[in-house]
Amino acid sequence: MKIKLEKYLQKNQAKLDVEEPDDVMLWEGIRKGIISERKSSGFNFWKIAAIFLAVFTLSYIVYNEVSKDREREFTLSHIDKTLGDREKAYRELVMMKMEAADFNAVQQRSGNDILQILVNELNELDTIYLEAMNDLKQHGYMEQIVEIIFDTYEKRIRILEQIILETQKLEKYENDMREISL
Amino acid sequence: MSEYYMGGHNELHKELIDRCKAGDIKAQYTLYKLFSRNLYNIAVRFMNNTMDADEIVQDTFITAFNKINDYRGSGAFGQWLKRITINNCISVLRQRKLYFDDLEKVNPAVDSADDIEESIDPRIVHNAIRELPDRARTILNLYALEGYKHKEIAEILGITESTSKTQYKRAKQLLLDKLKSVIHEN
Chain A
70 MKIKLEKYLQ
80 KNQAKLDVEE
90 PDDVMLWEGI
100 RKGIISERKS
110 SGFNFWKIAA
120 IFLAVFTLSY
130 IVYNEVSKDR
140 EREFTLSHID
150 KTLGDREKAY
160 RELVMMKMEA
170 ADFNAVQQRS
180 GNDILQILVN
190 ELNELDTIYL
200 EAMNDLKQHG
210 YMEQIVEIIF
220 DTYEKRIRIL
230 EQIILETQKL
240 EKYENDMREI
250 SL
Chain U
19 MSEYYMGGHN
29 ELHKELIDRC
39 KAGDIKAQYT
49 LYKLFSRNLY
59 NIAVRFMNNT
69 MDADEIVQDT
79 FITAFNKIND
89 YRGSGAFGQW
99 LKRITINNCI
109 SVLRQRKLYF
119 DDLEKVNPAV
129 DSADDIEESI
139 DPRIVHNAIR
149 ELPDRARTIL
159 NLYALEGYKH
169 KEIAEILGIT
179 ESTSKTQYKR
189 AKQLLLDKLK
199 SVIHEN
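Same order as they appear, the protein sequences are chains A and U. The first sequence stops at residue 251 when you use our numbering, and every number in between is there. The second sequence stops at residue 204 when you use our numbering, and every number in between is there.
Excised from the complex, chain U in its bound form:
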């Protein structure tokens, strides 16, 4: 449902956005309800804790409502909110310098096939992503879930494109190892 709201139905949102521009608090709350769950989950997956996610989601909406006149409607409103959320996440991670964990030190056990059981519970995958090291988690979130290209990731993180590709491969391997281990335990 969240993707349905995030990506499409601009007309549905347009009226709400126009009302927000006019300062309508009820329209603000409706937009919050439409997008908050997805943005919150994105933030949790980036930050690996719910307290940070709370703050990031709040900051995202405060920024969005205060700058809503800057939103020109050229892209989906949900995507605009997502970009703000992701920028906030990366900014916080950078401030804490947790971001620069050296993934080179991480050695996934075996470079095995990158496929999983289709029936695996999404909750298990979500939790496994949360447990990844900061940089691995960030790169995996950006590339595999949020659709950023390696070139964009390289610019955002201040790394080279090839580093982004290499580290994504490692991140993916780490996630696969975690999933296999969880499934094995179960």
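Isolated chain A (complex conformation):
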């Protein structure tokens, strides 16, 4: 029975797929290609790494300077012992999360958009924190400013937790890659 060529092609399109790809070879190339693309976005990685360093250096300085200043000038503990204790608890929690974030591990991995956003948010929090502390030094106790300071601590903790999760996700991705390549 005769059929128009176009109709035959449309009707048998799936059956025309007669070639068999070499899946092992192709997938290996794709896998390497994905890794290579990630590495080639090294600009972002180093940018992120530099920002991380800047953020945490800044954070470290801020915390230490604030601690020293507290001794001779103005600290939340001077306003109120409860506020001082609360700030101390937050600082300890932030430091704990910073250690858990494992920056050596982060630096060994290529950056991604999510990390970039999180780092930018940390930078913004640093700026807000510094401004709020300056306001406190200049104008004395203001409840709103104290709340802003605590708010930056809370947000910093949440962001650090997200960084930890993102790093763990990257680790899992690498392990899965290794599993599939075996």
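Everything labelled a hint here was simulated from the structure, so no lab data went into it. Just to be clear, a hint being listed does not mean it is correct.
[What the hints assert, rightly or not] With a cut-off of at most 20 Å between alpha-carbon atoms, the simulated SDA-like pairs for lysine to any residue come out as follows: (1) A/150 <-> A/206; (2) U/196 <-> A/72; (3) A/238 <-> U/87; (4) A/224 <-> A/195; (5) A/84 <-> U/67; (6) A/166 <-> A/76; (7) A/241 <-> U/40; (8) U/51 <-> U/86; (9) U/100 <-> U/168; (10) A/73 <-> U/51; (11) U/51 <-> A/87; (12) A/71 <-> A/84; (13) U/85 <-> U/35; (14) A/101 <-> U/48; (15) A/76 <-> U/139; (16) U/44 <-> A/242; (17) U/51 <-> A/245; (18) A/150 <-> A/209; (19) U/39 <-> A/235; (20) A/80 <-> U/137; (21) U/39 <-> A/186; (22) A/76 <-> U/87; (23) A/76 <-> U/141; (24) A/101 <-> U/73; (25) A/206 <-> A/160; (26) U/85 <-> A/96; (27) U/167 <-> U/139; (28) U/183 <-> U/151; (29) A/84 <-> A/72; (30) U/51 <-> A/246.
[What the hints assert, rightly or not] Label-pair ranges, simulated between beta-carbon atoms: (31) A/248 <-> U/84: 36 to 44 Å; (32) U/33 <-> A/79: 25 to 33 Å; (33) A/190 <-> U/87: 16 to 24 Å.
C-beta: ideal position from N, C-alpha, C; glycine also.
With chain A held as given, fit chain U onto it using these hints.
Relative to the frame of chain A, chain U by itself:
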């Protein structure tokens, strides 16, 4: 089966795509397995060799997985992959300048009826398509197999719409001649 996967079941793919967006390599591999055979065959039919097809399929998936966040889910994922594959094929053909074979020089023997035996083995048709000259093969693939309109083909290839129509007619005639010749030999 491939068309089943290429065109439909967006919900089935959605979960895999979301996992790919989150960087899940197993989901990437599953999507690869779903679409690779069809994309590979498309590439072979465009390029007429398996080595080029290998590279094109790899490039397609690397591009797709790296740009998967750009995929908004407005069309079928398979169709998105197909477009990437076809663009890659045309890009390679253009780079090699093989693309601009002058089909005007090709004179099909007779302008006969454009029908074939329904029972003809698809493998024979696939191989006959591969043997067509570059431009004839490209236009036939785009129009008859991938559903592009002559206007779209004209834009892609930088030719006029009427040239696309004329050359498609010639390509179809060439294919029919080849098929008749193969059947006659058998």
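Outcome of the hint check:
{"no.": "1", "hint": "A/150 <-> A/206", "result": "holds, 17 Å"}
{"no.": "2", "hint": "U/196 <-> A/72", "result": "holds, 16 Å"}
{"no.": "3", "hint": "A/238 <-> U/87", "result": "holds, 17 Å"}
{"no.": "4", "hint": "A/224 <-> A/195", "result": "holds, 11 Å"}
{"no.": "5", "hint": "A/84 <-> U/67", "result": "holds, 19 Å"}
{"no.": "6", "hint": "A/166 <-> A/76", "result": "violated, 64 Å"}
{"no.": "7", "hint": "A/241 <-> U/40", "result": "holds, 11 Å"}
{"no.": "8", "hint": "U/51 <-> U/86", "result": "holds, 17 Å"}
{"no.": "9", "hint": "U/100 <-> U/168", "result": "holds, 18 Å"}
{"no.": "10", "hint": "A/73 <-> U/51", "result": "violated, 33 Å"}
{"no.": "11", "hint": "U/51 <-> A/87", "result": "holds, 16 Å"}
{"no.": "12", "hint": "A/71 <-> A/84", "result": "holds, 18 Å"}
{"no.": "13", "hint": "U/85 <-> U/35", "result": "holds, 11 Å"}
{"no.": "14", "hint": "A/101 <-> U/48", "result": "holds, 17 Å"}
{"no.": "15", "hint": "A/76 <-> U/139", "result": "holds, 15 Å"}
{"no.": "16", "hint": "U/44 <-> A/242", "result": "holds, 9 Å"}
{"no.": "17", "hint": "U/51 <-> A/245", "result": "holds, 17 Å"}
{"no.": "18", "hint": "A/150 <-> A/209", "result": "holds, 16 Å"}
{"no.": "19", "hint": "U/39 <-> A/235", "result": "holds, 13 Å"}
{"no.": "20", "hint": "A/80 <-> U/137", "result": "holds, 12 Å"}
{"no.": "21", "hint": "U/39 <-> A/186", "result": "holds, 16 Å"}
{"no.": "22", "hint": "A/76 <-> U/87", "result": "violated, 37 Å"}
{"no.": "23", "hint": "A/76 <-> U/141", "result": "holds, 16 Å"}
{"no.": "24", "hint": "A/101 <-> U/73", "result": "holds, 13 Å"}
{"no.": "25", "hint": "A/206 <-> A/160", "result": "holds, 19 Å"}
{"no.": "26", "hint": "U/85 <-> A/96", "result": "holds, 17 Å"}
{"no.": "27", "hint": "U/167 <-> U/139", "result": "violated, 27 Å"}
{"no.": "28", "hint": "U/183 <-> U/151", "result": "holds, 16 Å"}
{"no.": "29", "hint": "A/84 <-> A/72", "result": "holds, 16 Å"}
{"no.": "30", "hint": "U/51 <-> A/246", "result": "holds, 16 Å"}
{"no.": "31", "hint": "A/248 <-> U/84: 36 to 44 Å", "result": "violated, 21 Å"}
{"no.": "32", "hint": "U/33 <-> A/79: 25 to 33 Å", "result": "holds, 30 Å"}
{"no.": "33", "hint": "A/190 <-> U/87: 16 to 24 Å", "result": "holds, 19 Å"}
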